[in-house]
Amino acid sequence: MIGSLAFFLIKPAKSKDIFVYVVDSKKCIGCGSCVKACRAENHVPERKYRTWVERYVVTSNGELENIFVESPNGGEFGFGDLDVDENEILRAYFVPKLCMHCDKPPCVKVCPVNATWITEEGVVLIDKSHCIGCKYCIQACPYGARYFNHHEKVVDKCTWCYHRIMRGMRPACVTVCPTGARMFGKLQDEHIQKTLRERNIRILKPELNTRPKVFYENVGWEVW
Amino acid sequence: MTTTVVEGFVYPNHEVFWGVLIVIYPYFVSIITGMVTVYAIAEFWRKELKDIEKLVVISSLPFVLSALLPLLLDLGQPQRAFEIYLTPNFSSVMAVFGIVYLTELFTLLGEMWFLFRVDIVRMAQTESNKLLRLLYRILTLGVYDISEKAIKLDKKIIKILTGIELIAAWCLSYVSFLFGVVKSNPWWNTTILPVSFVFGGLAAGGAMVLLLYLAFTRAYGIERKPNIISTVANYAFYFMLAAFALETINTILYAYKEDIAWAVIKLASTELAVPLAIQVIGSLEALLFLKYVCYRCNLGKIDTPFIAIASVTILVVVFAMRWNMVIGAQLIDYSLRGFVSYTPPLWGREGLIAALGVLVAPFIMLPVVAYIFPPYERKLRAGL
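Each protein sequence line maps, in turn, to chains F and B. Residue numbering for the first sequence follows the numbering used here, beginning at -1 and increasing consecutively. Residue numbering for the second sequence follows the numbering used here, beginning at 32 and increasing consecutively.
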């Protein structure tokens, strides 16, 4: 109780060496390798997703844009052919999604027992042996990144493969991506800095002020 | 599977995570707030309600105790529930409510003890049943002083405790903050929600007091007083009117503004046709009946069926309001591109049978509490 109060009053210092994640939707081919790799690496239960891929198809037949979004089985087994007149397609692309590891995570704020927290490296984690399974954090996450593990009766989500990245490896999804659509590193890393400086980068749902650490390249306004 | 995708795109992890049990939790909390408020009104302002003080206090206890049941049943790891007190996160509304809940429980118990202290001492000395006599002796906590001076002090303490309890009950009722702070969900993220929630709760508590007054006066053979019914019904009327007006304003504002979430809220509302109809039609019916009850009581006449129908209607309406708030908001996916439907399972920890058990739990506890702490002295039924 006293420890909780101290933790509440004195916020731990943030490291400058934080991790970030960049997704280039132009490179994503929607193959689903990342979803499969994540499931295998983290023993994600069936029909639950730590990461998934969405397909956006924006069409117009002379009228204002129509937006069609889908993610069958989280994109794990790829996507079927489109049933749309090709001439009507304005743009179409895939968008991988995952936990945003926000700098101001609403999930951490609402957890009643401090079972979820943000590490010095900026990774949002869950202590599954402490989680009471109230599901409040799932409600608070605007990105739908958290799920309830019905077997373990606790909440779970993407950790950016914390067990790997703390050993100098990359997350499983980044490692298996055949086109390099997923990029991971420390904020100060040269390749990350180059991307963040030079290209048109955006975050999802900026109006909620969650300060996500997953950045997106080449996505339209229709992605949130 | 209790959640099914009805239309559009939903994030693949989306489910209705909080089911019927989490509808009951704010419902019970609402009733507690209303009952405690009626008690505070009796204690501080309306002396004509003094007759129902004991009844309201003993009836509040089963609801306060039962309010924990739905929460515990809903938790994935209920055995860790106590962690809320051991490692609380003070920025979490849920953790703060754990503390407010304990405050409410202990002030209520203290209030009961002081209110019934004279009765407890008398029973400890005169009760013929040995077991009950022992129980009352324990309940005296070794204090047998029932002199005028001691009773005067009791009354002062009761006033202080009532003040604390009222604040705690209102804070508990702001359980709606638990939903209101979720900025991701457009249905919950409104300023009006916590206020309308409190007013709905006050109306439900008033309705429950009216129903219990009818039941207890019948069971104890006590003559019903029109001014008691009229006062409580009048409060319930205005509280219900405020709740109904705020909910309506909220919906009209949303529809007029037509922001990005409105399209999906409008569609998801079709899944809530029945509870929404109950909410609107029931509110109007209850308001009409309550005004009629007040009018009749002012003439010195008591229309029991009308009082009962109006009270039950309010309780059903407020339940529908909670359903729409808790379930309705979860039908919308945070992608704001689709919605799901929810059918509670019949069996299991989060099923309808368990929910029904939780709903009747206070009414199972109530006769036991009333047996130990009788709110009235038994009279002959001939008086009715």
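It is worth saying that the hints were derived from the structure and are not from the lab. Cβ atoms here follow ideal geometry from the backbone N, Cα and C, with glycine treated the same way. Any given hint could turn out to be false.
Unchecked claim - Simulated crosslink set (SDA-like; lysine to any residue; CA at most 20 Å straight-line):
#	chain 1	residue 1	chain 2	residue 2
1	B	Lys85	B	Thr118
2	F	Lys151	F	Pro43
3	F	Lys203	B	Phe137
4	F	Lys107	B	Leu117
5	B	Lys186	B	Ile198
6	F	Lys107	B	Pro217
7	B	Lys186	B	Asp82
8	F	Lys126	B	Lys214
9	F	Lys25	F	Asn216
10	F	Lys46	B	Gly39
11	F	Lys24	F	Lys126
12	F	Lys126	B	Gln108
13	B	Lys214	F	Trp222
14	F	Lys203	B	Ala292
15	F	Lys107	F	Ala90
16	B	Lys332	B	Ala246
17	F	Lys34	F	Trp222
18	F	Lys203	B	Arg111
19	F	Lys126	B	Trp293
20	F	Lys107	B	Thr118
Stated by the list, open to error - Derived list of chain B stretches under chain F, where covered just means 3 residues or more per stretch with a C-beta under 8 Å from a C-beta of chain F:
#	region
21	105 to 115
22	122 to 135
23	212 to 222
24	352 to 366
Checklist entry - Given the proposed pairing of B/Lys214 with F/Trp222, does the C-alpha separation stay at or below 20 Å? => result holds (15 Å)
Item to check | Pairwise hint evaluation, B/Arg111 against F/Lys203, where the allowed Cα distance is 20 Å at most | outcome: Violated, at roughly 34 Å.
Checklist entry - Holds or violated: the region 122 to 135 of chain B covered by chain F, criterion of 3 or more residues with Cβ-Cβ distance under 8 Å? => result holds (count 6)
Next on the checklist: Just to be careful, I want the Cα atoms of F/Lys126 and B/Trp293 compared with a cutoff of 20 Å; is the pair within it?
Outcome noted: violated (36 Å)
Next on the checklist: Between the alpha carbons of B/Lys332 and B/Ala246, is the straight-line distance 20 Å or under?
Outcome noted: This hinted pair holds, its Cα atoms lying about 18 Å apart.
Checklist entry - Would the pair F/Lys203 and B/Ala292 pass a check requiring their Cα atoms to be no farther apart than 20 Å? => result Holds - the C-alpha atoms of B/Ala292 and F/Lys203 are around 13 Å apart, at most 20 Å.
Checklist entry - Are the Cα atoms of F/Lys46 and B/Gly39 separated by 20 Å or less? => result Holds, at about 19 Å.
Next on the checklist: Hint check: F/Lys107 vs B/Thr118, CA-CA at most 20 Å. Holds or violated?
Outcome noted: At roughly 14 Å apart (the allowed maximum being 20 Å), B/Thr118 and F/Lys107 satisfy the hint.
Item to check | Annotated coverage of the region 212 to 222 of chain B by chain F, confirmed only when three residues or more have a Cβ within 8 Å | outcome: holds (count 5)
Next on the checklist: Does B/Pro217 sit within 20 Å of F/Lys107, going by the straight-line distance between their CA atoms?
Outcome noted: Measuring from Cα to Cα gives roughly 18 Å; hence the hint holds.
Item to check | F/Lys203 paired with B/Phe137 [C-alpha distance capped at 20 Å] | outcome: violated (43 Å)
Checklist entry - Holds or violated: F/Lys24 with F/Lys126, Cα cutoff 20 Å? => result violated (36 Å)
In the structure shown, a violation is registered for the earlier hints numbered 1, 3, 8, 11, 15, 17, 18 and 19, in ascending order.
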